[in-house]
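Undergrad: Below are the chains, spelled out letter by letter.
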Amino acid sequence: MTDGEPLDWDQIVELNAQRVLRVSLRILGSVQDAEDVSQDVFAEAFRLKKTTNIQNWEAFLVRLATLRSLDCLRRRHSFVELRIDDRISSIEPADELAARELADWLRTSISDLPDQQAAVFAMTYFEQLSRDDISEALSISPEAVSTALYKARQDLLSQLAVFHRGENK
Amino acid sequence: MSLENSSHDPVDPQSPLKAAVEAVLAEPFPEDVVERVKLRAKQLAAPSNATVTRRRDYNVRGWRISRVRVWASGIVVVATVLLTATVLLLDRAAYQSFADVVNRAKADVFLGGDISPSVEELLKYWDQGCQAIHSYDVFVDMHQETYLDVGNGYKLREKPLKSHSASHQILSGEKRRIETDIEVPRQTAPSVVIWDGKLSKTYNSQAKQLRLEPTLNYMGVYIDYEGLYRNLTGTMSFMDALRQRPELIVEGKEKSSFILYTPPILGNYEFSPFGFRVWLDSDKNFMPVRIQRLLDISGEEIISSQNDTTVKQIEPGVWAPVESINLAFPPVPRRELPVVKPQRTVETVDLNRSRFNIDVSDSAFALEIPSGTKVYDKISNTHYVFGSAVGEAAQYSQLVVEGKEDVDKLRSFASEDMRPDLSTSRNPPAPRKTNRTLTWLVALNVGAVLIAAAILFVRRTSTKNI
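From first to last, the protein sequence lines stand for chains H and F.
Those letters in the first sequence? Residues 1 to 169, per our numbering, in order.
Those letters in the second sequence? Residues 1001 to 1466, per our numbering, in order.
If you're looking for bench data, these hints aren't it; they were derived computationally from the structure.
For clarity, every value in this text was computed on a predicted model and none was experimentally measured.
Where a beta carbon is used, it is the ideal one built from N, C-alpha and C, also for glycine.
Fair warning: there could be bad hints in the mix.
[Claimed, not checked] On the chain H side, residues computed to face chain F include the following (Cβ under 7 Å): (1) Leu7; (2) Asp10; (3) Gln11; (4) Val31; (5) Ile140.
[As the list claims (entries may be wrong)] Straight line, CA to CA, 25 Å or less: simulated BS3-like cross-link-like pairs of lysine-lysine: (6) F:Lys1124 with F:Lys1374; (7) F:Lys1159 with H:Lys50; (8) F:Lys1018 with F:Lys1208; (9) F:Lys1018 with F:Lys1042; (10) F:Lys1255 with F:Lys1124; (11) F:Lys1378 with H:Lys49; (12) F:Lys1378 with F:Lys1124; (13) F:Lys1198 with F:Lys1208; (14) F:Lys1198 with H:Lys50; (15) F:Lys1284 with F:Lys1255; (16) F:Lys1042 with H:Lys49; (17) H:Lys151 with F:Lys1018; (18) F:Lys1284 with F:Lys1312; (19) F:Lys1208 with F:Lys1374; (20) F:Lys1159 with F:Lys1124.
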């Protein structure tokens, strides 16, 4: 897919739009925000396309979508709560509500992680990318991917324990 | 690299994170949104006149808050700069530096990004434009009509007074000779003024009077041609007079002219109480094409007079005034605006007879006076009749025997200490020293600006990375 003739813009969009949106949606949990971020990602990519020779558009867009979504998540986390109308359903069964809370907690916690750890965690668990793929996408060594993932897990586990203690009170 | 089906390190079933990750992965994926994303992304490559689908106003609150932060930071920076400016206003010398910075930025706006001169640069360019004319021999025709009754509180006359005069003016370096009220063909110039850089000799042939003065004084006699572009009165350059002013700014730009402005001012300043607004045409060697004199009347700034000058390139790189229209308004505010019936003076250079940048012989600055001329010597404060002086004045009179050589001897005779100390009286007022509190305040404000800028920068980089 990436080694043939250079792709034109429409092909790039066609091949990657779903993935970009999915990456954003899983990190942000909001369709609207994910759509906005996806649009920003493509706009940025389109500008870069004119000046930069990008070999692997898929990896590049996933990386861009991950980082921009994390940026958005941090901004939102710092001053805006999720809007009610963003929720899939305002009236949910108890187990779905619990799942929603857990997902929200995870996103909030990810936004507190350092950039690299957050990106590695999201790529690993949300996109299920391999260590080498993440290494290439983020331009870091595979060892650094492993280290970042380990630290992210530890951090999240600690936070999760606090979360559960708070819930049980 | 292919990202498809490349799962690694799957969630440990025992991990407490499993439920959280699964909750995220279990969320439904809106397929319809994908098409919208595709559509908008593809539109990026569409021609610029294509209609781009407007993005829905999602995340409005976040966007607004983010913008509010940026605006708040901007306001803090602006407020700090204003505070600094206010503080600097209290200090004359520092203000001038600050004004230069502001004006440079201001001129940038007017120039649309071209190189913008500072106040001092403008004065320098103006000076250089003037120095391109190092000598001239010009004939100037002057028509004047005035509705101003100068002797009666500047009341307006019903009918204007009209007058016409012509002058022949020669300049070479500092030396100058002006013959006024000449007619063609002329017999004798009624008035002659000669200035050699130190001594002024004003001779009135009708009254047979000679006045000797240490300063050039031709008030009311004529309008000096050099005054159209370099000296308003006397021999001090207009540029040097403006440099004395505590507030002198580049106010803006009109077409190719930069506008220098200094407000009306009281005190020991040249041309006080007048303020000035000067248009310097960058396309014409920065020669002044308009000069306004400003007065402060009861807190209101009015234009006292306005000089519009037509400047022409008389030789490559040399621009000189060829016509000037001066409008003088009453120095007292009147109810009707704009002020009507002012005094209008039109000076026109006869280019057929005028020459520029020529060699002028010293004889052009010689003065011959006949016997019986009354000599009023402002240097020694004596007066006598040429050839018949008695008493103390005789010693001077004896020196004025047969004409030009003797007048020059008289100048030599006058001792230096008999003349006013021009260097002292013409010195600009000493700028106030910047005090230590002010320095700290300035440093504090600059520091605040830098901190605000750093916060903005950090904020941007922390939320925008790739």
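Undergrad: Does each hint fit the structure? Answer for all of them.
TA: Status of each hint after checking the structure:
1. Leu7: Violated - the Cβ of leucine 7 of chain H stays beyond 7 Å from chain F, reaching only about 12 Å at its closest.
2. Asp10: Holds, because the Cβ-Cβ distance from aspartate 10 of chain H to chain F comes to roughly 5 Å (cut-off 7 Å).
3. Gln11: Glutamine 11 of chain H check fails; min Cβ-Cβ to chain F is 10 Å, beyond 7 Å.
4. Val31: holds (5 Å)
5. Ile140: violated (14 Å)
6. F:Lys1124 with F:Lys1374: Violated, because 43 Å separates the two Cα atoms, which is more than 25 Å.
7. F:Lys1159 with H:Lys50: The given pair, whose Cα atoms are some 75 Å apart, is violated under the 25 Å limit.
8. F:Lys1018 with F:Lys1208: Judged against 25 Å, a Cα distance of about 117 Å means the pair is violated.
9. F:Lys1018 with F:Lys1042: Violated: lysine 1018 of chain F and lysine 1042 of chain F sit about 37 Å apart, past 25 Å.
10. F:Lys1255 with F:Lys1124: Holds - the C-alpha atoms of lysine 1124 of chain F and lysine 1255 of chain F are around 20 Å apart, at most 25 Å.
11. F:Lys1378 with H:Lys49: violated (83 Å)
12. F:Lys1378 with F:Lys1124: violated (35 Å)
13. F:Lys1198 with F:Lys1208: holds (23 Å)
14. F:Lys1198 with H:Lys50: violated (71 Å)
15. F:Lys1284 with F:Lys1255: holds (12 Å)
16. F:Lys1042 with H:Lys49: holds (13 Å)
17. H:Lys151 with F:Lys1018: Holds, at roughly 16 Å.
18. F:Lys1284 with F:Lys1312: holds (8 Å)
19. F:Lys1208 with F:Lys1374: holds (6 Å)
20. F:Lys1159 with F:Lys1124: violated (44 Å)
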